[in-house]
Amino acid sequence: MSGANLADSVTEKQEAEIEKIKNTPEINNNPSLQLVNTEGEIAVVDVDKTPRQEKCSECSQDCKTVKACLTQFSNTKELRHEDILENFWVENNYKKVVKRIEDGVHTIDDLSKMVEERSAIESFYGNKLKGWSLKWFDTFNRYCESNMINQAVKKSFDEVDSLATLQLSISSKLEALSNNIVEWRNVTYCKQFTKLKEVKRSEEAFAKAQKPWVIKSNEVLKWMIAYHNAGDSLDAVLKINNIKAVSDVPDDQKRLKDKLRKLEEEVLITRGKYEEAIRDISNYNPKYQDDMRYEFNNCQTFEEARKNFVKESLLNYHACLNRTSAFEIIYDQLKRDYETINVDQDNKLYQAKFGDEHPFETDKFIDYQSALRQDPIKYDVNQNSKKSGVCMIL
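Anchor point for the sequence shown: position 386 equals 396 in my numbering, and the numbering is continuous, going up by one each time.
For the record, the hints were derived by calculation from the structure and aren't laboratory data.
Built from N, CA and C at the ideal position, the CB exists for glycine as well.
There may be inaccurate statements among the hints.
Claimed, not checked - Computed Cβ-Cβ distance ranges for the label pairs, DEER-style:
| id | residue 1 | residue 2 | range |
| --- | --- | --- | --- |
| 1 | Glu127 | Gln343 | 29 to 35 Å |
| 2 | Tyr341 | Gly365 | 34 to 40 Å |
| 3 | Gln343 | Asn308 | 53 to 59 Å |
I would like the entire structure built from these sequences, with the hints used as guidance.
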């Protein structure tokens with residue numbers, strides 16, 4: 011037991027009284043009891059029971075009083091700390107419901123941006139495919155390849171062109187979907203000054219429904235605290251009265267009896283006020299619940315429409331991206347084009363056109379045809395020799 015809470019200056023009579031009380035078994039055997047000097051009176055206080063309005067270390071709120079009010083309101087015997095913080099019926103906890111509407115707007119905005127970016131990616135891919143197709147088509151055109159292989163390779167560019175057209179078509183559909191989401195958002199969520207119309211309406215409706223109940227709830231808490239504090243004060247004086255029962259000083263006994271009488275009256279008065287406040291809020295609870303449920307259901311209906319729209323948009327997004335049937339057509343055709351390649355036939359065609367199946371022709375003498383005479387020149391070896399001899403003699 012500590013006397014740290016006693017005032018620095020006490021009278022000699024109070025000092026004697028303090029020493030007498032300290033030496034009693036009730037005080038020495040109970041470390042939670044402390045002596046305090048209040049209004050010139052020495053009182054015994056149980057520190058385990060005070061203060062009544064201790065702040066919660068987790069939320070900095072008076073969880074004990076809130077819990078007491080919630081217990082009588084919801085008929086729940088025990089509520090955890092998390093339940094108090096999350097309970098919809100507690101003052102201002104409707105703000106989480108309202109915040110869901112604000113978060114829903116952000117979801118719609120982000121969804122439209124996501125679809126828009128995917129549209130840009132599909133468009134970029136489609137244009138890249140077209141550029142790739144032109145580049146390699148020109149490259150293969152320069153090769154002196156056989157007709158069959160060339161035709162098969164060029165079918166690859168038909169596939170790319172079809173795929174590029176498909177990608178650009180998907181991009182257009184996604185862009186239309188993104189615009190549809192933005193349009194729905196602008197129609198559904200109207201902004202008034204700094205807040206959305208639906209958010210402002212819900213906040214005002216919840217606050218209006220909760221305001222009368224909050225006043226009654228605060229009244230309950232006020233009289234509960236007053237009643238419990240009065241009970242604590244009465245218990246403390248009763249302990250002093252029990253300790254001083256051995257005292258024969260008439261003035262002390264009279265003063266304690268007067269104080270006990272006043273505290274008993276205070277307990278009765280605060281208890282009556284507390285019970286009256288409980289009855290008042292209990293009678294109002296059904297209306298409070300109906301009003302809050304009505305507004306909550308309005309928010310649920312609004313959110314239901316938003317979530318259904320998001321679901322529909324996601325299904326449309328899937329439909330835009332679903333290329334299963336188109337891919338089957340494109341790549342089945344491409345496979346058939348590749349399977350038409352016949353290597354043996356291609357080699358034979360090449361052999362016939364450029365190979366050893368060409369007719370082999372030997373060189374033949376081709377006489378000179380003069381345009382001035384019709385008879386061909388006959389070449390006589392002997393005659394030429396004689397002429398040559400005459401020339402030599404000359």
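> Going back to the hint list, which numbers does this structure go against?
Replying inline: Hint check: nothing fails, all pass.
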